[in-house]
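S.K.: Make a model of the complete structure from these sequences and hints.
Just so you know, the sequences run in chain order B and Z.
Position in the first sequence counted from 1, then plus 147, gives you the numbering used here.
Position in the second sequence counted from 1, then plus 23, gives you the numbering used here.
Quick caveat, the hints were computed from the structure, so don't treat them as lab data.
Small disclaimer: the values here were computed from a predicted structure and weren't measured.
There may be inaccurate statements among the hints.
Unchecked claim - Calculated lysine-lysine pairs in the DSS-like style (CA-CA distance at most 30 Å, straight line):
{"no.": "1", "chain 1": "Z", "residue 1": "Lys486", "chain 2": "B", "residue 2": "Lys415"}
{"no.": "2", "chain 1": "Z", "residue 1": "Lys525", "chain 2": "B", "residue 2": "Lys424"}
{"no.": "3", "chain 1": "B", "residue 1": "Lys250", "chain 2": "B", "residue 2": "Lys216"}
{"no.": "4", "chain 1": "Z", "residue 1": "Lys394", "chain 2": "Z", "residue 2": "Lys417"}
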Amino acid sequence: MNENQRVVKKITGKGKSINTLSFMFPVLSLLLTCCIDPFSPDVSEHVNLLTVDGSIIKGRETQSINITKSIAINESEFIAVENCRVKVVDDQGNEFLFEEGEKGVYTSKIDDEKLVINRSYRLIIETPKGERYESTPEIMHESPPIDTVYYYIEEDYSLNSNEEFSGLRFYIDLKAKEEGSRYFRWAIDETWQLRMPYKAEYAIIGDSQYIMPPHFDPFLNKEVPRRLVADPIIIKIDEPIHTCWKSQVFKGLFLENILNLSGNDKEKIPLHFVSGKSEKLRVKYSINVQQYALSEGVFNYWQQKKVELQESGGLYTTQPAQTISNIVNVNNPDETVLGYFWTSTKSEKRIYYDGPFENKIFYDCPKEELDTTPSAFPWGPSYPIYYYIENPYFDIKITALARCFDCRMHGGTLEKPEFWD
Amino acid sequence: MIIRRLYIFFVIFLILSFPLYALIPETSLLSAIPQISLFKYITGIEENSEYIFFFKDNWIDSIEIQVADTNTFSIDVLCKKLDENNLNIYVENKNVFIYPGRKLVTEIPDYKTNNFHEKISYQENNGLTDTERNYIQGKKIASVEVLSVGNKNNSKNDQKCMVSGNIRDEATGEALIGATIYVEELEIGIATNVDGEFKLVLKPGKYKILVNYISMRQKEYYLQVYSSGRLNIEMKKELIEIDEVVITSGHFHHVKGMQMGFEKISTKTMKEIPMVMGEKDIIKVAQMLPGVESVGEGSSGFNVRGSSADQNMFYINKIPVYNTSHLFGFFTSFSPDIVNDFTLYKGHIPVKFGGRLASVFDISTRQGNKKKFFGQGGISPVTSHFSFEGPLQKNKTSVVTSLRSSYSDWLLNRIGSFNNIKNSNAFFYDATLGINTEIGENNLFKVFGYRSFDRFNISGYNKYEYSNTGSSVTWKHQFPKSLTSDISYVYSNYMFNNIELKNPSDAHSNKYSIEQHEIKGDFNFTSLNNHSLCFGASGILFKLNRGDLLPYGDESHWIPVSLGTENGMEGGLYISDEFRLLPRLSLSAGLRFSFFMSLGPGKVNVYYEGSPKNEYSIKDTIMFDKGQVSRFYFNPDMRVALNYRLGDNSSVKASYNKLSQYIFMLSNTIAISPNDQWKLVDYNIRPPVSHQVSAGIYNDFFNNSIQTSLEIYHKWINNIIEYKDGADFISPDPVEMQILQGIQNTKGIEFMLKKKSGNLTGWLSYAYSRSFISVNGPAYEEKINNGKSYPSNYDKPHSINLVLNNRLSRRFSYSCNFVYTTGRPITYPISKYYSEGQEFLYYSKRNKYRIPDYIRLDFSVNIEGNLKKKKLMHSYWMINIYNLLGRKNAYSVFYEVEDNALQGYRLSIFARPIITISWNFKFGNYLSE
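M.R.: This is how it looks when you write it as structure tokens:
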């Protein structure tokens, strides 16, 4: 009953504006014959438009500008635009040149002292074809320090099951300055630790093979032909592999303005929700929230884009907006350019959550005794096989599936992040 | 799983509704005068006399008759009606036979006397009851006299004869000046001179003549002309009762009438159409008519001839209703118990209406029984409803009231338990009360009140309630000399209250209200030569409070924002005349002087000429005091219609209509959302004005049992209101900065074939229509879609509706609907790009694509209970299947990002067949609808 869950997803929808209520969905599900199913509209057009994804952030080590071309909805490889000349110019005439590293990715290391609050910055791109693109000057606003980031245990709904479950909803309190931008954006980096049920002491990582001549096998009670026999290669594990860390940038634009507020403070601005069932909350979870102060232009650009993403499909949807980039082709102003060049200072804050959220056994890891004699591995199972010695006196070796030992099989890295405490 | 469970729940027992029908709605107030079916009329006669009628049902199925008082059944009226429909009547020993075709000759005609009464029809009986004597009196008038002129022996077929004579008042013997004689066969007419004399040149033969004089009863004769001779006619004074005047104005003849783009649907028709919840819903029925479309299932309102939904005016007994939906549009805020019929004007809109561009949807309610009390009601899973009517003062004053309500909080609690929406609930009700009283013979007073209310609370994120409240007081008066007046005061209020409390620090509330007071007078004057003159005036005072956005709760830091108040006054002064220009050509010409004053107090921004309206182009700000006129708009709206009769059963019509509108809805969503606000035009926002030209051909076949019409129209609207991208109407920014005004162009063809009688009834309609908008201001921010024209959200070129009802026997009938429309336009993403770690979409030109076509088939079966006359109650079963094909009709198509890929989805609202079974019963008169 997937359809219904999708409806539910809509209901839990992120705070919609008063104008675009999502009221409809409960009613749709009331009628119950409503459903949402996959559908591929026949869209014949094909356009590849220049896309600029870039910003100048004071407080960031490397500034980067990505130049690509947009692609059709069903494609997945973005087209890099190579060999451009990219620079950023401030209102004092200082130029910062960018160099292409990865295809279409232009980077520059700019000293923080050279980036000055309230100065304006302009992006200039010259493509190999001779087109010149310029952005409007963007003022670098100062992001105030982050006041507090915190979470509440809340209930939410799963997308994959219809059950209610609890998890953490993160919030931020904003204390803006009297003067300065009224528009803000938050980005979230997530990091979490994983721990496997068993610590591996040894690993069988393969076998050496030799040929055994034909002989009588007393167990089988018959003559066996010439065969290949494997001898396990066993190594001792010194570095622990049962614990690791995973990181990702949380997808989502968190935007807020404080135009309608008296004063400069806004409390309890909702950020993301982390399900208690997710592996993220099993050991320790941390987020680093980066706060940016925006110009009205880029805020509106993202806000409209966000509305498009959130609202699609509802009954009270609006027409998609004609979002207009601040980047123009100087020779051909009618050309549609996608993306928005922006600038801000960065303030950030990291918080931790000590798990587990639920006291449950997370991994299905039955253990078994391991026999390491060569005949136990006639044709080699999938390596590596991890084990530990439970009882050295009787040499009882215990093994389980590799993913119950090796954290890396869950996508983590063994390297402890620098900031982790 | 859940879907299945609830589906079964729905199928089996959800919509078992039990409407309790009782007595016939005996409408007897002056003027209320709805038409009743001939069948009902005849049954009335049977009940009140010893006459027994014999006829086949399908001969009289489609015939409706208008009666002033159901107590006096007049055979006169009956005969006339039958005659119009090519039916004859024969009476023998209290047995009345109605039959089609040629008249039975019951007597040998006697041509020897000059003037004689040809006693057709039935024989008189002795020992008559009073009621029966009424019929006999009626009968005398019904009989058509045959007058013969000249000497039969002198008759020469080819030679023209002069028929001269005079016309006198029977009572005074006075010569009547300007009386008219109309010869039907020749379609010629002549009027008497100062001495009351007339001269007619005719060939020998038999003619039918109509003699008319103001305030005299029309006379109808067969004129047998043998040779030249004299003919003296005497006429009787007639007191025209108010109701008869209304008969003329209320009677719409498909071919002969001036109406174009006009539909009238009665409760009976509505009952036969399968409906999604098994409940009668007048707005859903209206959507089955050509030229009426909706954005999608479950959206409120509709779009008439390519116009937006806020261009429709909904009246219930003169009260304008600003929000016609319950529960987001799944139900309509008019209880089916109270509705008598509705009229939809979408082409030629009479001058007495103004204020909206696309259509007038006029709902008339039951008038209340002046003689007996009766009630009806019903219970359904969503609502229960009840209505009651009866006399307050017998034969003089009646009261009628209705109430419908959902079961409090049942609805969303129910959903909540399945979909984990905690703390959600919804509730609605609507109620009406009407009192009608006659004072003397010439006065009728009507008081009517209406209220609808909705409340819902979604997951504690959003609390919302809205209501319509209205009342009307009407005084109808009949002056001597065919003048009637209808003066009324109407009050209407629409308000909503919204609380957003998702985030405590910006939780806020908003209260919106619009109130209108209207005084209007309509006058009707019917004169000689069938001039039908209408004139009148109306004045509406609007008081609009767009509300204050106030912080809600202690934690909220929301800055109070006032959206401001608005005042305005709309006025209309109109006159129209309908008359016969030539024997076959009728003209209806009207003019409505429509004006609007935007009134203070208020602050308006003046912008630099020619520059887009934004915060940088404000030149000046002017304050207006209370009552001061900040802007005056004046529109002389002309409405003309022509009817040229090609023959008895066919005509060609054409019309031109100009309309202006001074209020519009702030809605930038595709469907109307519950918190869209109405706004008046003002200093900076010009009123939209529409021009519509239409032409059509109308034909009746087989004794009017089949009606066809084909209409084409072209409508263009100036100053149509569209919205800038990301417009937010609850911000303190003035509305004029967020809207753009453009041009809308719509055109189309509508074909309708209707079968009104027989066992098989229904209609088939096809409409082709297009609707385009272009917004092309000088500056870039004043353009939408780069200034190029684009299809409106409700541009659906092809639309086919088929409604069929087949009666297999008196106890078993079935009906079905078939609906096809082109999918509505949609803007699809055509490209994607990556920015800030997110995938974003780039969209096509506005409304360049379409969602899949909409196809739906519904079916319902009606099984009546036994047909015994004496029983406690009559019951019937209805089995309703909505969307029999189970087609997943798309409401919308959208994309979602999933696993880093975009996946398209289709949302369908009623994606499976919905089966509902209802058992209905009625008490008393089983013929009531």
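S.K.: Hints first: check each against the structure and report whether it holds.
M.R.: Verification of the supplied hints:
1. Distance restraint check for Lys486/Z and Lys415/B: the Cα-Cα separation of roughly 20 Å lies within the 30 Å cut-off, and the hinted pair is therefore satisfied.
2. Between Lys525/Z and Lys424/B the CA atoms are separated by roughly 24 Å; this keeps the pair inside 30 Å, and the hint holds.
3. At most 30 Å may separate the alpha-carbon atoms for a hinted pair to count; Lys250/B and Lys216/B meet this at roughly 12 Å.
4. Taking the CA atoms of Lys394/Z and Lys417/Z, the gap is about 6 Å. The hint holds against a cut of 30 Å.
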